[in-house]
Amino acid sequence: MEYIIERASSFAGDIDFLIVLIAVLGGFWLLLAEAVLFYFIVKYRRKASPKAQYITGEEEVSKKWLHWPHYAVIVCDLFIIFFAIQTWVKIKQTLPKPDAVIEVVGQQWAWKFTHPGLDGKLGTKDDVKTVDELHVVVNKTYQFKLKSDDVLHSFSIPVFRLKQDAVPGRTITGWFKPTKTGQFDIQCAEICGIGHGIMGAKLYIETEEEHRTWLEHQRMAQVNGNRINTAKK
Amino acid sequence: MSHDHHEQSFFSKYLFSTDHKVIAMQYLFTGMFMALIGGFFAYGFRMQLAFPGIEVPGLGLVTPNLYNELVTNHGSIMIFWVAMPVLIAAFGNYLIPLMIGCDDMVFPRLNRLSYQIFLISAIVLIASFFVPGGGFSGAWTSYPPLSAQAKYNLTPLGAPMWLTAVALEFVAFLLGGINFITTLMNSRAPGMKMWDIPIVLWMIVIASIVFMASAGPLIAGAVMLLFDQIYHIGFFNPNKGGDPILWQHLFWFFGHPEVYVVLLPAMGIVAEVITVFARKKLFGYKTILYTTIATGTLSFFVWAHHQFVAGIDPRMANVFTITTILISIPVTEMCFAYIATLFGGSIELRTPMLFALAFLAEFLIGGVTGIFLGSSGSDIYFHDTYFVLAHFHYTFVPIAIISVFAGIYYWFPKMFGRHMNETLGKIHFWGTVIPFNLIFLPLFFLGLAGQHRRIYSYENFPELAKPYLQDLRILATVSLIVMLSFQVVFLFNFFYSIFKGKKAEKNPWRANTLEWAAASPPPHGNFPELPQVYRPPYEYSVPGRELDYWPQNEKA
Amino acid sequence: MHQPIATTRSATGIPTGRLAVWWVIASEIVIFGGLLGSYVMYRLLHDAWSIEAANTHTLAGATNTFVLLTSSLFVVLGHHAAEHGDGKKAFRYLWLTILGGFIFLIIKSIEWTGEIHHGFVMTKSLFWAFYYTAAGLHALHVIAGMVIMAIISFDTIKNKNLHRVELIGIYWHFVDIVWIFLFPLLYIAK
Amino acid sequence: MSAETSPKHYVKIWAILVVLLILSVLGPMLGIKLVTLLTAFGIAIVKATMVANHFMHLNIEKKYISYLLIGMVLMVFLFVGGTSPDVLMPEGQHWEKQVIEQPVELDHGGHE
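Chains as they are written, first to last, in my numbering: chain A, 1 to 233; chain B, 1 to 556; chain C, 1 to 190; chain D, 1 to 112.
If we strip away everything but chain A, and leave its shape as in the complex, we get:
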């Protein structure tokens, strides 16, 4: 998986493992079934086998050819269920203690983010609000509060393997922990109207220093903005 798309969160590896596991188990059965199918088609074509046999498939002798592979499939299913639930519980059902909390709000057709300011707390005066830009620090655990202003949106970050719908009227909490610096895509993965195709945001995963610089820069801009506003009045 990581050859196709990068991994940038702590749980991306779990999901990729699950995908590979299913690919191996499912792929084995798929190839086996297809191989048998094509073997039969070739072996029992009219030229090679002019007269068909009479097999009801109701006797135990012949039924076991269905049942044994079938039991094997069930065992594979159990494996898949186990790992699927394990991954799910880790990503969606547990909330590790966060280093910071951010707020994510979807609207037609932009993502609005509220970052905690220099004090590291959300809901204080120095919160930094951005549109279509999310700045996080690498190797820090983040909790996000996901909301929507109008219709359904889906907060999706492929490199994190993270996806969660934003539902109007609800606040959904989730978490992630970036593990790699860089600049990545944030998508909206749920159709949200005419501008669905432009509803992309940027994710900046930064080091601690870079993030601090950015926050300070934002703070300055905010102060300047306020000054301009006051001057206008």
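Hints in this document: simulated from the structure, not taken from any laboratory. C-beta: ideal position from N, C-alpha, C; glycine also. Fair warning: there could be bad hints in the mix.
Not everything, but these chain C residues come out facing chain B in the computed CB check (under 8 Å) [unchecked claim]: (1) 9; (2) 10; (3) 19; (4) 31; (5) 35; (6) 40; (7) 44; (8) 46; (9) 123; (10) 129; (11) 133.
With a cut-off of at most 30 Å between alpha-carbon atoms, the simulated BS3-like pairs for lysine-lysine come out as follows [as the list claims (entries may be wrong)]: (12) B/151 / A/47; (13) A/47 / B/240; (14) A/129 / B/151; (15) D/12 / C/108; (16) B/286 / A/43; (17) D/8 / C/88.
Starting from the known structure of chain A, fit chains B, C and D onto it as the hints suggest.
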């Protein structure tokens, strides 16, 4: 029975007929017509995806709104106005009375009414493309609040019309379903016991029952959504105390069983075709029947796997993961039984058989890729990506296209009394199946790369705008155009053969089931004398018999 | 038009018409079930709805329940008469049933007029939206039943197609049962 | 003719139904929530069963019709069961929703 040879006028014969065969043809042709529209829509948005911003020949510039409208209605049409009418209504209407050996459906006029309502629904849908604001563009799942409020979806007329069309279509199929179920239950030929019913009929009727049990909540939901759209009530509006998630449940409680509603008849058609062309008895008739019932039942317990990340309670996801993975058990058993049927057969690769085998081969891919989506952990990544899209096209195209072609090529001699051209059929087969794989295999890969659905242009997403991904999109589009153009071969073959094809005898495939005991094409009233049934339907190559088939109605 | 042989066959032992009516009812159960299930879930979530529900007219609802129960009695008596080949009597009972339907609808419209005058319209709140949707859907079924019954009655009086009295009867009882559940859901639970 | 299908029997059933109806109206007047629920919905179920059995003749119909209808009712319960964790609950694991109660304004006019 068919002693009344009075001349019927064109209208009473073709438009207001109560004959199940004519109604089946009406459904078939309406479905084929709608498939052309759906295919054209697919061409429109695939062109935009491969070559963003070009003037699509025959359609013009695809704006974001038009793009959404195209994908929405492509999905709706292909499922509600192609798969359903062709697989259930057309084949059900045609086959049920013939295969159980009676003269018509039990309620011929109800049957006609069902088609008329269906026709109106199709007309309402098509009309919705031309109203101010354009057709509905909120995806075939029609999630509120987007679908419920015109200020969000910008289609004040298109959305209610789409919803009305869907609701009417449901009513049509409820009426049709009641007719199918009662006909099969009550009107079987004397001597036809439970285990003598051809598997395709079992599957059509079980599908009708599943449809009936699942569509109810959505009909209620459609009324609620319609009131939301027209009167701004807010059943699904959180600002008025409603809950948008409720619609998702209503929709998928229907929507997932719906997959099996169309899958089962397709499996049934394939069962008929492979037994005839392999000259084999169906492997484990009862096993297949039980797995069918198990699939139908289990299909009600899996719906929320479409909503894993949609805001449902995460604890529920575990329940639905388990049920979803479990449903693979009966379905694999069914597929294994089909493959086992080929064992020891004498396979003749005529066009219907090619399509039937292609169904099995392709559907297996669709089934296995479904596991990625049914297991909650990996669905976090795959939800609403092209992986999902490729997966369900690997199930729906075999179901609604490939198996339907198998059925049409197989029953064509019965329907029109003539054969379709075999060479053209084979050209059509390879021209359909190879491009089909070339369309959707790239899409699997695009899905793995994180490409999400219903985006008119990926230029806004740098990770997805890479040139090699664009090459894959172009490959898919070109394959689609190739596939669509090969359908011309089919259409030519189909209409040419209706009038000029080689004349067919009564039972050209040497098959067992009762429809082959009627003349080709069967007259009004079907059988000169209603048949009796003496044995199960798949007695091929019985040892000690000179002929390798043994019709159900032949006295020992 | 002549009836196909298919309709006269009965492999299950249940006459085709009755079997079909059972399936119609089966499909109706899920339609009403989906609506009422949604209503119940919303109702349990929103405490304030019981204040709204206090504005419904219990007496009107109860009277209507009584009217429908009585009409159910008439239609089953009509079925009894039809079974014994007495088309005239069945005809009378069918029309008594239709009359019951009329009274039901009249009471309903008086009740609704009053409520609408007091401002309890559909758009007022979701409770009223459900109230009118559910009762309205039910009323449509009542009207449909009355129309079908009227059509059937003219065959019945000529002693033709007497088995249809039972079919419409079963449907009418089902409509009655739906109301039996609507009544406590919309009126009593406050 | 069996006793099950005589006019007398029907009238008797009808009388019981009317008595039950009166009970279900009177029950809530006590003002006890449990009694209200019991009389309202318990009696509704009893009434529905009586109508189904005696008027619709489910008691003398083939058994599978009853199973069919019960199966459909179970479908509804299945739907409600699967849906209620999201729709019925104001909050769940890692999510909560704002429950908007609409204000009761009795003097509100019949217009938007």
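How the hints compare with the structure:
1. Look at residue 9 of chain C: its Cβ gets to within about 4 Å of chain B, closer than 8 Å, so that hint holds up.
2. Among the interface hints, the one on residue 10 of chain C holds; its C-beta lies about 5 Å from the nearest C-beta in chain B, closer than the 8 Å criterion.
3. Against a cut-off of 8 Å between C-beta atoms, the interface hint on residue 19 of chain C holds, since the closest Cβ of chain B lies about 5 Å away.
4. Using the Cβ-Cβ criterion of 8 Å, the hint placing residue 31 of chain C at the interface with chain B is satisfied: the shortest such distance is roughly 4 Å.
5. Interface hint at residue 35 of chain C: satisfied, since its Cβ lies 4 Å from the closest Cβ of chain B, which is below the 8 Å cut-off.
6. Hint status for residue 40 of chain C: violated, given a least beta-carbon distance of 12 Å to chain B, over 8 Å.
7. For residue 44 of chain C, the interface hint is violated, the least distance from its beta-carbon to any beta-carbon of chain B being 12 Å, above 8 Å.
8. Taken as an interface hint, residue 46 of chain C checks out: its beta carbon lies about 6 Å from the nearest beta carbon of chain B, inside 8 Å.
9. For residue 123 of chain C, the interface hint holds, the least distance from its beta-carbon to any beta-carbon of chain B being 6 Å, beneath 8 Å.
10. The closest approach between the C-beta of residue 129 of chain C and any C-beta of chain B is roughly 5 Å, which is under the 8 Å cut-off, so the hint is satisfied.
11. Of the supplied interface hints, the one on residue 133 of chain C holds, with its beta-carbon coming within about 7 Å of a beta-carbon of chain B, less than 8 Å.
12. With a C-alpha separation of about 66 Å, the suggested pairing of residue 151 of chain B with residue 47 of chain A is violated against the 30 Å cut-off.
13. Between residue 47 of chain A and residue 240 of chain B the CA atoms are separated by roughly 70 Å; this puts the pair beyond 30 Å, and the hint is violated.
14. Between residue 129 of chain A and residue 151 of chain B, the direct Cα distance comes to roughly 26 Å. Compliance with the 30 Å bound is thereby established for this hinted pair.
15. Of the supplied pair hints, the one linking residue 12 of chain D and residue 108 of chain C holds, its CA atoms being roughly 27 Å apart against a limit of 30 Å.
16. Note on residue 286 of chain B and residue 43 of chain A: the hinted pairing holds, with a Cα-Cα distance of about 26 Å set against a maximum of 30 Å.
17. Taking the CA atoms of residue 8 of chain D and residue 88 of chain C, the gap is near 20 Å; set against the 30 Å cutoff, the hint holds.
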